[in-house]
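J.: Residues per chain are reported as follows:
There are 2 protein chains.
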Amino acid sequence: MYNIIYAEGGICLSEGFYADGISAGLKAENAKDMAFIYSELECEIASIFTTNKMYAAPIKHFYAKGDFKTNFVLINSKNANAMTGKAGLDDIGEILSNVKNVVNPLMSSTGVIGVRLPKEKIINGIKLFDFSKKNSSEAAKAIMTTDTFSKEISFKVKLENEKSFNIGAIAKGAGMINPAMATMLCFITTDAKVSKDEMQELLYEVTKTTFNAISVDGDTSTNDTVMLLANAKSGAYEREAFKEALFKVMHFLALEMVRDGEGATKLVTYKVTGAKNNAEAEVVAKALSDSLLVKTALFGEDPNWGRIASTVGASGAESYEEKLKICFDNLCVYDKGQFYFDKEMEDKCAIVMSHKKFTISCDLGIAKGEFKSYGCDLGYEYVKINADYRT
Amino acid sequence: MYNIIYAEGGICLSEGFYADGISAGLKAENAKDMAFIYSELECEIASIFTTNKMYAAPIKHFYAKGDFKTNFVLINSKNANAMTGKAGLDDIGEILSNVKNVVNPLMSSTGVIGVRLPKEKIINGIKLFDFSKKNSSEAAKAIMTTDTFSKEISFKVKLENEKSFNIGAIAKGAGMINPAMATMLCFITTDAKVSKDEMQELLYEVTKTTFNAISVDGDTSTNDTVMLLANAKSGAYEREAFKEALFKVMHFLALEMVRDGEGATKLVTYKVTGAKNNAEAEVVAKALSDSLLVKTALFGEDPNWGRIASTVGASGAESYEEKLKICFDNLCVYDKGQFYFDKEMEDKCAIVMSHKKFTISCDLGIAKGEFKSYGCDLGYEYVKINADYRT
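Chains H and Z, in that order, are what the protein sequence lines are. Heads up, the working numbering is the position in the first sequence plus 456, with the first residue counted as 1. Heads up, the working numbering is the position in the second sequence plus 456, with the first residue counted as 1.
Because the hints were derived from the structure by calculation, they are not lab data. Any given hint could be a false lead.
Pairs count within a copy or across copies, as identical chains cannot be separated in the list.
Claimed, not checked - DSBU-like cross-link-like pairs, simulated, lysine-lysine; straight-line CA separation at most 30 Å: (1) 689 <-> 583; (2) 727 <-> 542; (3) 509 <-> 824; (4) 575 <-> 525; (5) 840 <-> 812; (6) 727 <-> 516.
All chains should be modelled from the sequences, with the hints used to inform the complete structure.
T.: In structure tokens form, the structure reads like this:
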């Protein structure tokens, strides 16, 4: 048995980790725009990067290093250092050579694509770093781009043997499948004594049902990164406890990202059951959370179950009109060929849809496959943010 | 040799075809909402229907008939007769039993999903049909839903042997990959003496580069239909001439649909070249025309070439930062690692993007694969139309 208890501290709750956010003048008005994560001890690293073939310079820099440990990550917002070729990679080398007394320093960037990093500003910013700071929430703020709130979470995990370890994370963005140049970044720290292979395995597994189950607009950025740093300082570890804590961290942050989806006003869970298998359920759940028609119906608070049915049918997964069941929370509007959608039901459903959080369930009625995805609505604000991003 | 000459008449240019649109009270304010297409002679049929597994009752009705000829199609707007089960199919049978002196009558519907057809209104509407009318443009108006203009086109094809045939079409909607419940429908008539097998083969082939190369919002409706009716009345036919005329008809209407995409203000051609093969070029071209980020950048008239590069990279097709070239019309902004994107170029590109029609070219620099897709921008008006569709 183990207990997972919420505790403040973010990435600095984990013993031996330090972090802060500073202003290097990349953003306007002295907003925080550079963060660091530093560990007293060298860390094992697990990571998942974007599948975008135009992956950015920081990811190239990481891939070029092979197998290694690190104790330092520098993160900047406002500039993605993507499509910058060899020059972008050289910039990273030069910048990181200014960070003293660290092992295999890493960099991560988010912002506009196709512009060289403002190297001088960043190098000057490094001078403001204080490795004794435990300001996780300032680091969380510094990595924001179009985010409207910063995102962090941390838990203490108490094991049966009186030992305990900590896990914490900061994140930004609004989807691994994500919006604008608002790349999804997530940095997780832990003092658990977990092996590199095991944490990489768990990171992949947990990502499937968390960051890979959310959608804001179906795009995949050049810079998407999830990085897990483990310094083993607690000496404690237990696989199931760690996995559950990791899920809690990533699930919380994934939902925070959707909630903060550009212009989003609603967080909707798409619960698909009864599919031929889990993979087909995932196809349907993601088709629903990705669909522009569904997203705009959510924004209009229009219980347009026909669009849900049409999106299920268009997903490519096995589905049948005469087996399908659709519910808004616990209100069933269509069940195996029968409508339950009179004016009274439409009004009731519209009330459900006026809430900030609700669930749309689709039971395909075929077999036992299931998957949950998470999405948001899409309204005028999304268009505004994305039509105006560069200006 | 042959000549393809634009001629007025729409679907009624083809000899022996009649059509009209009437108001049956499905739409408000006596707007036209029901159309017929009638042929003196029975027609061979070629058709392509939606891939949506929740395909609507009219499509089930068609599939149930097996191999047959027809001389009559009834089309209604405002109600899709989709997700209506056996009752929806029975409604079609009852409605069509009221059309006298026709062979294997067909029905096609577009509008809201999940509502039974207003049978009485439609049956009363049938009484208003006059099979001697040649009002193609009224039929084109009657099948509109969120369309802002009606769509028709026709050509006379003169063959070397002094013979000639005609081809014409009406269409509605804004994409085979289409918006809202605004299903894409297209009805093509011809008096060419073409065999069923050959016209089905040509219809598939031409659809690939026309209706299947356009995108408004990436959704596939329950009712999408392209139907080609050939009554052979001219006695004339020549494969290459017919194919080219069919392409001209479908290409024109496909671009009309994008131009009328919900809220669209721009028609953009995505020209992808240098891909590993044509299939990969198609993947990239469609990723670009489907991308919300690209569409909103178009709306903002923001020459954000980084989003173009990122979307190419995210498409899954083989692509390399150091081989890619991106141009707005003839302005090259990125070429194999070099930016040409100073303030002057940005201003020039913004002028290109302020036009109603322009081309974004991506040369992947790998091999000779190429494909052209067509898309539009996405702005506030799209959200407005789709958030409010049912109300």
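J.: May I ask which of the numbered hints given earlier this structure violates, with the numbers listed in increasing order?
T.: The structure breaks none of the hints.
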